[in-house]
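J.: Given next are the chains, with one letter for each unit.
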Amino acid sequence: MHHVVSSAHILAQESDSWINTDTFIDLFWANTIGGLEYGSIYALIALGYTLVYGVLKLLNFAHSEVFIYGAYATWFTFFLLGFRPGPTPELATGELIAFLLLAVVVAMLVSGTTALVLERVAYRPLRNRGAPRLAFLITAIGASLVLQQILFLWRGGNAEQAIRLLRPETLFTVGSASIQNLTIIIVVASILMWLVADTFVNRTRFGRGIRAVAQDPETATLMGVNKERIIMLTFVVGGLLAGAAALFYMMKIPQGAQYNGGFLLGIKAFAAAVLGGIGNLRGALLGGLLLGVIENHGQALFGGEWRDVVAFVLLVLVLMFRPTGILGESLGKARV
Amino acid sequence: MTTTKTPSTAKPPTAPWRTSISERWNNLSRFQQWVILIPVVVLIFALPWLNPPILTTEPGYDFSIAMFDVARYCLIAIGLNVVVGQAGLLDLGYVGFFAIGAYVAALFTSPDSTLWKIPYLAAVPLAMAITMVFGIILGSPTLRLRGDYLAIVTLGFGEMVRLFADNVDALRGNRGFSNIGAPPGTRENGEPLFVNFDGKPWYVLCVAVIIIVLILAGNLERSRVGRAWVAIRDDEDAAELMGVPTFKFKIWAFVIGAAIGGLSGALYAGQQGFMNNQKFDVLTSVLFLAAVILGGSGNKVGVLLGAFVVAYVPLRFLSIAEWKFMIFGVALTILMIFRPQGLLGARQRLLAYGRQAYQRLVGRGEMVSSDTAMSAEKGGLMNGGSGAPK
Numbered sequence: 147m148h149h150v151v152s153s154a155h156i157l158a159q160e161s162d163s164w165i166n167t168d169t170f171i172d173l174f175w176a177n178t179i180g181g182l183e184y185g186s187i188y189a190l191i192a193l194g195y196t197l198v199y200g201v202l203k204l205l206n207f208a209h210s211e212v213f214i215y216g217a218y219a220t221w222f223t224f225f226l227l228g229f230r231p232g233p234t235p236e237l238a239t240g241e242l243i244a245f246l247l248l249a250v251v252v253a254m255l256v257s258g259t260t261a262l263v264l265e266r267v268a269y270r271p272l273r274n275r276g277a278p279r280l281a282f283l284i285t286a287i288g289a290s291l292v293l294q295q296i297l298f299l300w301r302g303g304n305a306e307q308a309i310r311l312l313r314p315e316t317l318f319t320v321g322s323a324s325i326q327n328l329t330i331i332i333v334v335a336s337i338l339m340w341l342v343a344d345t346f347v348n349r350t351r352f353g354r355g356i357r358a359v360a361q362d363p364e365t366a367t368l369m370g371v372n373k374e375r376i377i378m379l380t381f382v383v384g385g386l387l388a389g390a391a392a393l394f395y396m397m398k399i400p401q402g403a404q405y406n407g408g409f410l411l412g413i414k415a416f417a418a419a420v421l422g423g424i425g426n427l428r429g430a431l432l433g434g435l436l437l438g439v440i441e442n443h444g445q446a447l448f449g450g451e452w453r454d455v456v457a458f459v460l461l462v463l464v465l466m467f468r469p470t471g472i473l474g475e476s477l478g479k480a481r482v
Numbered sequence: 027m028t029t030t031k032t033p034s035t036a037k038p039p040t041a042p043w044r045t046s047i048s049e050r051w052n053n054l055s056r057f058q059q060w061v062i063l064i065p066v067v068v069l070i071f072a073l074p075w076l077n078p079p080i081l082t083t084e085p086g087y088d089f090s091i092a093m094f095d096v097a098r099y100c101l102i103a104i105g106l107n108v109v110v111g112q113a114g115l116l117d118l119g120y121v122g123f124f125a126i127g128a129y130v131a132a133l134f135t136s137p138d139s140t141l142w143k144i145p146y147l148a149a150v151p152l153a154m155a156i157t158m159v160f161g162i163i164l165g166s167p168t169l170r171l172r173g174d175y176l177a178i179v180t181l182g183f184g185e186m187v188r189l190f191a192d193n194v195d196a197l198r199g200n201r202g203f204s205n206i207g208a209p210p211g212t213r214e215n216g217e218p219l220f221v222n223f224d225g226k227p228w229y230v231l232c233v234a235v236i237i238i239v240l241i242l243a244g245n246l247e248r249s250r251v252g253r254a255w256v257a258i259r260d261d262e263d264a265a266e267l268m269g270v271p272t273f274k275f276k277i278w279a280f281v282i283g284a285a286i287g288g289l290s291g292a293l294y295a296g297q298q299g300f301m302n303n304q305k306f307d308v309l310t311s312v313l314f315l316a317a318v319i320l321g322g323s324g325n326k327v328g329v330l331l332g333a334f335v336v337a338y339v340p341l342r343f344l345s346i347a348e349w350k351f352m353i354f355g356v357a358l359t360i361l362m363i364f365r366p367q368g369l370l371g372a373r374q375r376l377l378a379y380g381r382q383a384y385q386r387l388v389g390r391g392e393m394v395s396s397d398t399a400m401s402a403e404k405g406g407l408m409n410g411g412s413g414a415p416k
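Chains as they are written, first to last, in my numbering: chain A, 147 to 482; chain B, 27 to 416.
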């Protein structure tokens, strides 16, 4: 993620003052739109954190690896379809849509499977043994390390070379912002994915199970909810969303498939989840979008090298002043 | 907080041989314990000169420097153990404190820095003081909240320290600081005693520091503070109800841990003689954590053992060095399932002067043991009824 330098940064670089208000004002709309783009990716990853946290009260550190497995899956799908690093190929719209859909399905399956395996292999034995909280956190860290090292030992430390299917093109401009085809696809598709997830949790039978277990696991079990199955389902849903986020991320940053590339995104997505209110699906969306926008403006104000610090400072500020987040923590709260 | 499952499910059986060793050890008088300890300590001090054939890391890696690395990890593990093992707080950004300690030592002793210079031995306590301040800054917003938030905030903190090292001009990024100071002293031939290519004096210094820190940490552990930590670790709500000011003691644990991290960082900077932004990634933090958890968090002998394994094995067997993160990651995961208390579990002595009292009462050494941080049952993760979220 540190390698990502947006156009805003290049413009912001040449300035003597510590805070760059001129850039901030000049590029306000560009940064806001660009922030929404990143933000919707954060939001999708944050959903995974939020769901697992809501149900298990577990901070799933390995979720960042679940996401990066999706990014690798995307890259390999492109590669196996015959695309190679280099110039963007000319594709018919139908073909392009088919390839992207295939990639998103593969990425979602890979991430979902990773999340499922993680739950079965690492967390479930701990639950069966009634392990303490600290043990779960340490397992999460250990599992995250293992998943990361598998990629490292297999593919090495360097990022996979960029494969781009869709050339970013400016469709129209709003103020200083140029709206690209990529922007629209990422933001719209992410919000659609979020809507599906929200409907799933709030309107379906399985979703009711998830909310029931989040609210009170014991009572839910007594009422005939299969707790273990709900937990599995929660991990899988989180994984699927992370896989979708991975495709959008790879469209935005094609050189993003790196073994430790999930780490910073994971922290940011978690910060987004806390910002919106962890355990709360709407909070994840709001927090993700807000974080993306704030981060971009922070970059314009303080310079690109401080981009990653913004999310962290924001996280600490939220924890200091409003630890329940903007919308509060409410996955368990029954809604009609 | 009612628990339907009995804690005994989480508490694994103690190995009989270990019970007998620790029991026998506790049955000895203080004098007898010292009689055994002193030769062991002398032997440990002499290790780099002995350079025992099987233990040696040569020709791949200079043995005296390897031993210094091991000692450094031991010191780090003791510091992190105060936070993780004794107070039960998960600190994933320990490398941040280590880095701050190293940078303070570099900033105040290296000719590359524009700050005024002070002797190395004065820079070390300064490094500790500054890391303590950072510990307070980081701990005060997060320690009031759930433990998981501390984990992610410290994880982020470790990364932020690295980013600052990369991007703040005064910290010189990749160029780094050279000729970092060292303690005074000369050899017979007039050359300085503490040089970066000879690990022996640094090793001796580090082991001496470890012994001092062990004694201080041991005293702390047996004091009111230590008992408060155990109470917080085992059940924070109950501790709070009993009138333990949990926030205050958590801050203390965090800050003391930070200070020891800063101390080891300053020692490391001195030994290396050169410091740049390349050595402080998050993986190192996880390695530090692995050292504490593998050996047995909460148990001083255990964490020393864990630190030895984590630091020594990759240096001794260079062929598996590339695999070390994988190996320790797998080890952490498996250990949490099958032996959550680590290789040697915690043995918290609850009574400050309990030894004699217990001996008079039962006629043998005290075996007052508390559950370890790992086997204490805490709610929230669906282990039977406890901690249902609102």
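The hints are simulated quantities; they were obtained by calculation from the structure and are not laboratory data.
Be a bit skeptical, because a hint or two may be false.
Here chain A is said to cover these stretches of chain B; the calculated rule only asks that three of the stretch's residues, wherever they fall, bring their Cβ under 8 Å from a Cβ of chain A [claimed, not checked]: (1) 147-157; (2) 343-355.
To list a few chain A residues with every Cβ distance to chain B over 12 Å, as calculated [stated by the list, open to error]: (3) Leu-255; (4) Arg-279; (5) Ile-287; (6) Gln-295; (7) Ile-296; (8) Leu-341.
Between beta-carbon pairs, the in silico distance windows are [claimed, not checked]: (9) B:Ile-163 - A:Gly-321: 57 to 67 Å; (10) B:Gly-211 - A:Thr-470: 50 to 60 Å; (11) A:Asn-304 - B:Phe-71: 35 to 45 Å; (12) A:Gly-474 - B:Val-159: 30 to 40 Å; (13) B:Val-159 - A:Gly-370: 33 to 43 Å; (14) B:Arg-365 - A:Ile-296: 33 to 43 Å; (15) B:Leu-69 - A:Pro-231: 50 to 60 Å; (16) B:Ile-163 - A:Trp-164: 50 to 60 Å; (17) A:Leu-368 - B:Val-66: 15 to 25 Å; (18) A:Ile-171 - B:Thr-140: 56 to 66 Å; (19) A:Met-369 - B:Leu-267: 56 to 66 Å.
On a predicted model such as this, the values are computed, not experimentally measured, just so you know.
For glycine and all other residues, C-beta sits at the position ideal for the given N, C-alpha and C.
J.: Each of the hints needs a verdict: does it hold here or not?
T.: Quick rundown of the hints versus the structure:
1. 147-157: violated (count 0)
2. 343-355: Check passed, 6 qualifying residues.
3. Leu-255: 24 Å, holds
4. Arg-279: It is violated; A:Arg-279 is separated from chain B by about 5 Å at its closest Cβ, not greater than 12 Å.
5. Ile-287: 6 Å, violated
6. Gln-295: 4 Å, violated
7. Ile-296: 8 Å, violated
8. Leu-341: 25 Å, holds
9. B:Ile-163 - A:Gly-321: 57 to 67 Å: 39 Å, violated
10. B:Gly-211 - A:Thr-470: 50 to 60 Å: 56 Å, holds
11. A:Asn-304 - B:Phe-71: 35 to 45 Å: 44 Å, holds
12. A:Gly-474 - B:Val-159: 30 to 40 Å: 33 Å, holds
13. B:Val-159 - A:Gly-370: 33 to 43 Å: Between B:Val-159 and A:Gly-370, where Cβ atoms are some 54 Å apart, the hint is violated.
14. B:Arg-365 - A:Ile-296: 33 to 43 Å: 24 Å, violated
15. B:Leu-69 - A:Pro-231: 50 to 60 Å: Holds, at about 57 Å.
16. B:Ile-163 - A:Trp-164: 50 to 60 Å: Hint violated: Cβ distance 21 Å, outside 50 to 60 Å.
17. A:Leu-368 - B:Val-66: 15 to 25 Å: 57 Å, violated
18. A:Ile-171 - B:Thr-140: 56 to 66 Å: 34 Å Cβ-Cβ, so the 56 to 66 Å window is violated.
19. A:Met-369 - B:Leu-267: 56 to 66 Å: 32 Å, violated
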